[in-house]
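Novice: Chains as they are written, first to last, in our numbering: chain P, 1 to 307; chain R, 1001 to 1180.
By construction, these hints were calculated from the structure, which means they are not laboratory data.
Backbone N, C-alpha and C fix where the C-beta goes; we use that ideal spot for every residue, glycine too.
Take the hints with a grain of salt, since some may be wrong.
FRET-style restraints, in silico, Cβ to Cβ [said to hold, decoys possible]:
id	chain 1	residue 1	chain 2	residue 2	range
1	P	Pro-5	R	Ser-1160	45 to 53 angstroms
2	P	Pro-10	R	Arg-1124	52 to 60 angstroms
3	R	Ala-1149	P	Arg-9	41 to 49 angstroms
4	P	Pro-5	R	Phe-1055	42 to 50 angstroms
5	R	Ala-1011	P	Asp-164	47 to 55 angstroms
6	P	Ser-190	R	Arg-1056	17 to 25 angstroms
7	P	Gly-284	R	Gly-1058	33 to 41 angstroms
8	P	Gln-4	R	Ile-1150	29 to 37 angstroms
9	P	Pro-5	R	Ala-1011	19 to 27 angstroms
10	R	Ala-1059	P	Ser-190	54 to 62 angstroms
11	P	Glu-297	R	Ala-1059	40 to 48 angstroms
12	R	Glu-1171	P	Gly-295	35 to 43 angstroms
Only some residues are given here: those of chain R computed to face chain P with a beta carbon under 10 angstroms [to be verified]:
id	residue
13	Tyr-1013
14	Gln-1021
15	Arg-1026
16	Ala-1028
17	Glu-1034
18	Tyr-1049
19	Ala-1059
20	Pro-1060
21	Leu-1061
22	Arg-1062
23	Arg-1124
24	Tyr-1135
25	Ile-1150
26	Ala-1152
27	Lys-1156
28	Arg-1167
Derived contacts from chain R toward chain P, CB cut-off under 8 angstroms, selection only [to be verified]:
id	residue
29	Met-1001
30	Asp-1022
31	Tyr-1029
32	Ala-1050
33	Phe-1055
34	Leu-1123
This is what each chain is made of:
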Amino acid sequence: MAEQPLHLRPDAALEDALRGLTEAIAWPTPGPSPAGGPDLAAVVRARIEAGEATGVGAPGRSRWSWRPARRALVVAVIILLALAALAGAAGLGLPGLRIIFGDPAASPTAGGSVSPPEGSPTSSQGTASGPAPTPRPTPSRTPAPGPPGSGLPLGTAIGLDELDAQAGFHVILPSDPAIGPPDSAWIDRSTNDQVTLVWAADGSLPQTSEPGVGLLLTQFRGTVDDGYFSKILGQDTTVELVLVDGGRAYWISGQPHQFFYEGPRGFVEDSRRWVGDVLLWADGPITYRLETSLGREAAIDIAESMR
Amino acid sequence: MIDRARAGDVAAYESLVRRYQDVALRTAYLVAPEADAADAVQDAFLKAYAALPRFRQGAPLRPWLLRIVANEARNRRRSADRRAGLAMRASIAGPRDDAAPSPESEVIADETRGLLLSALGRLRDEEREVIGARYFLGLSEAETAETLAIPAGTVKSRTSRALGRLRVTLEALDGGPADG
């Protein structure tokens, strides 16, 4: 017997047919994508934490809570800011991180977007309200003799077996065997006792903005209060908000940029001044900066492998 | 959980979003099939977060959220290319592998599915929305009213009218190409 046409079926049958159609509709799904990545809820959370939901009547602003390293939530690229499109300086009012956009030739205080904490020491070229950027260097140097990192203002060379003792905190390392242990380690007593691990450039670690250096991993102590970091970014530098182990991180790429942050004893200007592509993230009181030419995904993989 | 989210606990809010993200995506898709549902839902959840202090304590959260989602999706509904874009796409794979087919789906032949989808695509937005809310999302009349921002009494009458229009459209489709 032929099936009765839908339009002739009683209401209840038509309603059943509609309900039965539900599973056949190609509904959008919240992810994660087959390639991995956060689901919609994680993206929403990251966007809230990036300050996108702040409006009249928004709930109390939560502190930036760095989650301890745990299983990967993998990458989420949520924000891509093309600085070339920005006229003048603009500040990202992110809890725990302050990034300054603008022409490196201009004062970071232009537009009133920088307000380092009171009592911050000023650099020789700084101002009372923040350091002034210095001219961009011409990257035409050759590696200095000695272990990788020699010739860079990274402080004093230390042994890999004395990292924790020298740093005063637990220094973590990438667990990826392809990366292996660093080729040299340094501590800069004049710059917040920051520890830098250096890997030489080779076939698997292409050279960074520093000649002969394939990977630079800096670890330092700091608080996570507002105004923690300042970065001076020029044109053609982009900032992407990404996730490392589910925590917020920043991938800064393009042209070299300057780096400042608020350490326990005041405002710190990185002695190297200009750094290349970096992944920046924190876990508890320690902040990490990974400098690599491997690209964003590889940088996140390395960061998530650190133990 | 809602109280914690209202107090600014983003993790609590993330959990709420995760609980409702599926139905939110479906709502956005229903309201604006031609728009990017994920985009609309993300923005809607951001707005909802900002609006949480205005959420009446003790009220049901789901329709409140879905109303914001439906609004956001409606804002993205493009007037151009609407007729062509409205027919919701049937999943090529049919029912999802991870879901056991419901008794209803077993009685619907593929051909009938296609016919029904075509007919739905020819309904007015408000008719498609009310049918979708009731039969696809499984919302109650009260939830449908709040989600679609219409009086509770209107849900029943609009559903009835939409079903009537659906029959007419199905008949036209069944008998050959429809004129509209």
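Novice: Measuring from beta carbon to beta carbon, are R/Glu-1171 and P/Gly-295 in 35 to 43 angstroms?
Specialist: The hinted range 35 to 43 angstroms is violated for R/Glu-1171 and P/Gly-295, with Cβ atoms some 58 angstroms apart.
Novice: Going by Cβ atoms only, is R/Tyr-1013 closer than 10 angstroms to chain P?
Specialist: 7 angstroms, holds
Novice: Classify the hint on R/Met-1001 as holds or violated, based on whether any CB of chain P lies nearer than 8 angstroms to its CB.
Specialist: 13 angstroms, violated
Novice: Could you check the hint for me, namely that R/Ala-1011 and P/Asp-164 are 47 to 55 angstroms apart, CB to CB?
Specialist: Given a distance of about 31 angstroms, which is not inside 47 to 55 angstroms, the answer is violated.
Novice: Against chain P, with CB atoms and a cut of 10 angstroms, does the hint on R/Tyr-1135 hold up?
Specialist: 4 angstroms, holds
Novice: Minimum Cβ distance from R/Ala-1152 to chain P below 10 angstroms?
Specialist: R/Ala-1152 check fails; min Cβ-Cβ to chain P is 19 angstroms, beyond 10 angstroms.
Novice: CB of P/Glu-297 to CB of R/Ala-1059, is that within 40 to 48 angstroms?
Specialist: Given about 43 angstroms between the Cβ atoms, the range holds.
Novice: Hey, does the R/Arg-1167 contact hint survive, CB to chain P under 10 angstroms?
Specialist: Result: holds, 4 angstroms to nearest chain P Cβ.
Novice: Could you tell me whether the CB distance from P/Pro-5 to R/Ala-1011 stays inside 19 to 27 angstroms?
Specialist: Given a distance of about 52 angstroms, which is not inside 19 to 27 angstroms, the answer is violated.
Novice: Should the hint that R/Arg-1026 touches chain P count as held when the rule is a Cβ pair under 10 angstroms?
Specialist: 5 angstroms, holds
Novice: Should the hint that R/Ala-1050 touches chain P count as held when the rule is a Cβ pair under 8 angstroms?
Specialist: 4 angstroms, holds
Novice: Regarding the hint that R/Gln-1021 lies at the interface with chain P, is the smallest CB-CB distance below 10 angstroms?
Specialist: 4 angstroms, holds
Violated hints for the displayed structure, listed by number in ascending order: 1, 2, 3, 5, 6, 9, 12, 17, 19, 20, 21, 22, 23, 25, 26, 27, 29, 33 and 34.
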